[in-house]
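**Student:** Sequence:
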Amino acid sequence: MKLSLFRFIDETIELYERKMPAFQYAEGQIKNAFYTMFNEGESVVSFRTRIKSTNSLKEKLIRNQFYLDYEKPEDAIEHLSDLIGIIMQCRFIRNEAELYKQLFKYFEVSSDGYSACLIDKNIYLNLRMPQPQIQRNGFTIFRIDGYYVFNESRINFELQIKSLVHTFWSEIEHEVVYKNPDFVMYDSFNRNMLGAIRDNLDVVDRQLEIMYKEISYESKRAQIGMDEQGFKVFVARSVNDLVNRKMKESVGFTTDFKKCSATIAQYIYIHEFANGENNREKMIMYLEMLSALSEAPLDFSEQIKLEKDYHSDDPFVERLGRYLMSQLNVNFQWHVFFTMLFIIQRENDTEDLRNFCKVIKLLLIQPRWYANCFSRFETKQAESVRNDLMEILLDALIDANTIKIIYEDNLYRCMNIFRAFVDRINERYQTYEAYVNESQQIRNDLYHQIAILFH
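Counting from 1, position 289 in the sequence shown corresponds to residue 289 in our numbering; the numbering is continuous, with no gaps.
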C-alpha cells in the first residue's frame with residue numbers, strides 16, 4: 001500500500017496536468033506583457049519562460065513537505081510561487097538593478113499590496129519584496145513573486161532579472177552542484193571554489209562591459225566628419241578636453257566633466273542645428289572656435305556676471321533660470337558648466353541662459369504631446385492641470401540640487417517618467433474635479449518618482 005504522501009502527490013500531479021492549458025495561456029500573456037514593456041531597451045537580451053515540469057513539481061512537493069502543509073492538491077498548486085518562471089536576461093550586472101527600477105513605471109500598488117500591471121490588468125507583482133534577494137548560497141538575485149489572474153483564480157509566477165554572467169553562473173551551480181550528490185562530501189572545499197568562480201565571472205562582466213562601451217565608442221568615432229551625430233561627439237570630446245586642460249591651469253585640479261560636455265554638445269545641436277539651415281557652415285564655425293579656445297586664456301576662478309536682468313514669460317523657464325542663477329557662483333560644478341556654455345555661445349550670457357532653460361524644458365516635455373493632454377477638460381482647467389504637473393516636475397528637479405539633473409541620461413529618464421505618469425493621469429481622471437480631489441496624492445507620487453532618480 002502506498003504512503004499517503006504519494007497519493008497526495010499523484011492527485012496533485014493529475015490536477016496539475018489538467019490545468020496545464022491555463023498555465024500555458026498565462027505563460028504566453030506574461031511573456032508578451034514583459035516584452036511590450038522592455039523590448040525597446042538595449043539592455044534586455046532575451047526573455048525566457050518555463051512552466052514547472054511534473055518531475056520538478058513532484059520533487060518540490062516532497063522536498064518542501066507540501067504533503068504536510070496542505071490537505072488538498074488545489075492548495076498545494078496555489079502555493080507554488082514559481083509555477084511559471086520568467087527570466088529577463090540583460091547584458092551586464094549593473095543592468096539588473098536598472099531594469100528592476102524600471103518595473104515601477106509599469107506597475108501601481110493594488111488593494112492586496114501587490115502592484116498591478118498597467119500593460120495587462122491580470123498581472124501582479126510583489127514590488128514590496130526587498131531586492132536583491134539573498135539566496136541560500138549567499139549570493140544575491142533580483143527575484144520577484146507575482147501572479148496572473150485567469151478565470152478568477154491565481155496562477156503564480158516568479159520573475160528573475162539576470163545578467164549574462166549570472167545566467168551562466170546559475171547553469172553551472174544547478175548542473176554541477178545540485179544535480180551531483182557526490183559533491184556533498186566536499187561541501188566546504190567546493191563552496192570556496194565556486195565562490196572564486198563567481199568572483200571571476202564578476203570580473204568577466206566588467207571586462208565585457210568595457211569592451212562593449214569601447215566598441216560603441218569606436219562606432220561613433222567612425223561617424224565623425226560633417227554629420228550631426230559625429231559633430232555632437234566631436235564637440236563633447238573637445239569641450240571635455242578643453243575643460244580638463246584649462247581647469248588644471250587656472251585652479252590646479254580637474255573634475256569629471258564628461259556628462260556635462262555631452263549636455264553642452266546636445267544643447268548646441270538643438271539650439272543651432274535643429275532648423276537644418278546652413279548646418280555645414282555652422283559646424284565649421286564651431287570647429288574653428290573650439291580650436292581657437294584651446295589657445296585662449298580661460299580662468300575658472302573668476303565670477304560669472306550676467307550682462308542683463310533675467311526674465312521669461314514662461315514660468316518653467318523663469319524658475320529654472322532663477323535657480324541656475326543662484327548656483328552660478330556658489331556651486332563649482334555649475335560654475336564650470338556655465339563658464340563653458342557662455343564662452344562657446346555667441347549671444348549675451350542672459351540670453352544664453354534663457355535659451356538653455358528652453359532647451360531643457362523641450363527635452364523634458366514634448367510640446368505638441370503635452371498641449372493635447374487633458375483635452376476633455378475645459379480649456380482653463382486643462383491648462384491648470386498641465387501647469388500643475390509641470391511645476392511638480394520642476395520642484396523635484398530643483399530640490400534635487402545637483403548638476404546631475406541636466407545629464408542626458410537623467411533628462412531622458414525624467415522625460416519618460418513624466419510622460420508615462422501624465423498619460424496615466426490623463427487616462428484615469430475623467431473630470432477636473434476628480435483630479436483636484438486627489439491632487440495632493442498625485443503631486444506626491446510624481447515628485448517621488450522624479451526625486452528618487454537623484455538619491
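Quick caveat, the hints were computed from the structure, so don't treat them as lab data. In this text the structure is predicted, and so the values were computed from the model without any measurement. Treat the hints with care, as some may be off.
[Stated by the list, open to error] Quick list of in silico lysine-lysine cross-link-like pairs, PhoX-like style, CA-CA up to 20 Å:
(1) Lys380 <-> Lys258
(2) Lys58 <-> Lys19
(3) Lys121 <-> Lys105
(4) Lys60 <-> Lys72
(5) Lys19 <-> Lys60
(6) Lys19 <-> Lys31
(7) Lys31 <-> Lys52
(8) Lys404 <-> Lys358
(9) Lys258 <-> Lys248
(10) Lys258 <-> Lys52
(11) Lys58 <-> Lys72
(12) Lys259 <-> Lys121
(13) Lys31 <-> Lys60
(14) Lys259 <-> Lys308
(15) Lys248 <-> Lys259
(16) Lys101 <-> Lys404
(17) Lys259 <-> Lys361
(18) Lys72 <-> Lys19
(19) Lys259 <-> Lys404
(20) Lys121 <-> Lys72
(21) Lys305 <-> Lys361
**Student:** The structure should be examined with respect to each hint, and the outcome stated for every one.
**Tutor:** So, going through the hints one by one against the coordinates:
| no. | hint | result |
| --- | --- | --- |
| 1 | Lys380 <-> Lys258 | violated, 43 Å |
| 2 | Lys58 <-> Lys19 | holds, 16 Å |
| 3 | Lys121 <-> Lys105 | holds, 14 Å |
| 4 | Lys60 <-> Lys72 | holds, 16 Å |
| 5 | Lys19 <-> Lys60 | holds, 18 Å |
| 6 | Lys19 <-> Lys31 | holds, 19 Å |
| 7 | Lys31 <-> Lys52 | holds, 15 Å |
| 8 | Lys404 <-> Lys358 | holds, 18 Å |
| 9 | Lys258 <-> Lys248 | holds, 15 Å |
| 10 | Lys258 <-> Lys52 | violated, 48 Å |
| 11 | Lys58 <-> Lys72 | holds, 15 Å |
| 12 | Lys259 <-> Lys121 | violated, 39 Å |
| 13 | Lys31 <-> Lys60 | violated, 24 Å |
| 14 | Lys259 <-> Lys308 | violated, 29 Å |
| 15 | Lys248 <-> Lys259 | holds, 18 Å |
| 16 | Lys101 <-> Lys404 | holds, 18 Å |
| 17 | Lys259 <-> Lys361 | holds, 18 Å |
| 18 | Lys72 <-> Lys19 | holds, 15 Å |
| 19 | Lys259 <-> Lys404 | holds, 9 Å |
| 20 | Lys121 <-> Lys72 | violated, 29 Å |
| 21 | Lys305 <-> Lys361 | violated, 24 Å |
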